[in-house]
Structure formats: C-alpha cells, structure tokens
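Enquirer: Sequence:
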Amino acid sequence: MTFREILLNYLSEKELKKIEKTKVIVIGCGGLGSNVAKLLIRTGFLKLTLIDFDEVELKNLNRQDFYLEQVGNKKVYALKENLLKINKDALIETLCLKITEDNLNLLKQADIVVEAVDREEYKRMIFEYCLSAKIRVVCASGVAGFGDGEGIKIKRGKNYSIIGDFRKSIIEFSPLSPKVTAVASLQADEVLRMVIGDES
Numbered sequence: 001m002t003f004r005e006i007l008l009n010y011l012s013e014k015e016l017k018k019i020e021k022t023k024v025i026v027i028g029c030g031g032l033g034s035n036v037a038k039l040l041i042r043t044g045f046l047k048l049t050l051i052d053f054d055e056v057e058l059k060n061l062n063r064q065d066f067y068l069e070q071v072g073n074k075k076v077y078a079l080k081e082n083l084l085k086i087n088k089d090a091l092i093e094t095l096c097l098k099i100t101e102d103n104l105n106l107l108k109q110a111d112i113v114v115e116a117v118d119r120e121e122y123k124r125m126i127f128e129y130c131l132s133a134k135i136r137v138v139c140a141s142g143v144a145g146f147g148d149g150e151g152i153k154i155k156r157g158k159n160y161s162i163i164g165d166f167r168k169s170i171i172e173f174s175p176l177s178p179k180v181t182a183v184a185s186l187q188a189d190e191v192l193r194m195v196i197g198d199e200s
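The end of the sequence shown is residue 200 by the UniProt record's numbering, with every number in the run present.
These are calculated hints, taken from the structure and not from any lab test. Take the hints with a grain of salt, since some may be wrong.
Below, computed lysine-lysine pairings styled on DSS-like, alpha-carbon distance capped at 25 Å [what the hints assert, rightly or not]:
1) K18 x K85
2) K74 x K158
3) K134 x K108
4) K23 x K88
5) K21 x K59
6) K47 x K108
7) K85 x K38
8) K85 x K108
9) K38 x K98
10) K47 x K85
11) K85 x K158
12) K59 x K155
13) K123 x K17
14) K108 x K21
15) K23 x K98
16) K38 x K17
17) K134 x K74
18) K47 x K59
19) K17 x K98
20) K59 x K17
21) K47 x K88
The structure presented is a predicted model; accordingly, all values stated were derived computationally and were not measured.
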C-alpha cells in the first residue's frame, strides 16, 4: 500500500489533489518549522521548500524534530532526510540561507508560507512582505513556557493566520516541547484549513 492510498482513508480524492498541488515554503526549521513540516508531509503535502541557514545542535533536541546522529548537519538537509522517511514521494527543496529583505522575493514561489523563525523583526518582515505580495501566510507569536495551553489563540485575517499566546517569546522564556509542538500543530492545521477548508 502506498502512502497516498493510506491518506485516501482519511481524505477524499478531491481534497488530496488540492493538498498535493499546494506549494508550501517553511521558513525556519527549528522547533516550529521541523514539526510543521513533518505534520504537513503526514497530511499529504508533497511540495515543500525548507529554508534555514543553521545546523542541528544538541540543545535543539528538546523540541526540534532531529536526532542525535544529525547533530552538526545543516537543518534543511537533516529535515529533508527525516521527511522522506515518512513519504519518499515528497518533492522537497532545500535552501540553506537566511531570509533577508534582499531575498524575500523567493517567497513568491509559494502558495502558502509558514513563518517559523525566532526573532520578532524577521517575523514582522516576513508577515508584511507576504501581505503586500498577497501570499497566504501562517505565523507564530508567543510559543515559550508551559502550563497555559488555553492561552494559545488563533488570529485570522485576509490571507493570514497568527497562532500563539502573543506574550511569551522564546528570546525571553524557555522554549519547551509541549507548547512549541502545540503551536506547530495548529500552524499545520491552519495550512490545511486554507487549502481544503471549503471542502469540509
């Protein structure tokens, strides 16, 4: 049985075709991005572009979807390796670079952008560019700490969703796996809603 045949137990042919043709760019392959990408692949997305400049570090393993033997590898390549173990038919592109104002035009290739970076100024830059370019974008704001899952909210507008508690930045508070992956799950769910929400 193929992975696609497995997915057809849970999705209609029409839904799966829409998912398969959607191109998603994931910016940042850390706690949010690595988990979002895994969830998207498990849901049938095939066309993913992974963008990150960093390497896997031992300290990342508490919340990022990597393994001990991948420490020292570039995150985009390690994540691609892991995703292809789920669905070998996925068409995953990797860009080992840092998103800046000079290369934001790369995002025009996407149907949907997932913002999964750490720093507030980069989050804002990506969000504002996507809005101006009319690219759908799913962002995160406030994913650190623990024990306040009910504080995670979703704010939606035309062409965007922002998920988090809107308070606890990982720059100020410790990023722990339960909350980080909870937000990542909701980001992936919002991508799915944007693609097949009208089919439900």
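Enquirer: None of the hints should be skipped; say for each whether it holds.
Expert: Hint check results:
1. K18 x K85: Cα-Cα ~23 Å, so holds.
2. K74 x K158: Violated. K74 to K158 sits at ~34 Å, over the 25 Å cutoff.
3. K134 x K108: 9 Å, holds
4. K23 x K88: 17 Å, holds
5. K21 x K59: 35 Å, violated
6. K47 x K108: Roughly 14 Å separates the two Cα atoms, so the pair holds.
7. K85 x K38: Holds, because 10 Å separates the two Cα atoms, which is no more than 25 Å.
8. K85 x K108: 28 Å, violated
9. K38 x K98: 21 Å, holds
10. K47 x K85: 15 Å, holds
11. K85 x K158: 35 Å, violated
12. K59 x K155: 31 Å, violated
13. K123 x K17: Given pair K123, K17 is violated - Cα atoms ~30 Å apart, limit 25 Å.
14. K108 x K21: At roughly 16 Å apart (the allowed maximum being 25 Å), K21 and K108 satisfy the hint.
15. K23 x K98: 20 Å, holds
16. K38 x K17: 19 Å, holds
17. K134 x K74: Distance of about 31 Å is beyond 25 Å: violated.
18. K47 x K59: 29 Å, violated
19. K17 x K98: Distance of about 31 Å is beyond 25 Å: violated.
20. K59 x K17: 38 Å, violated
21. K47 x K88: Answer holds: K47 to K88 is near 12 Å, not above 25 Å.
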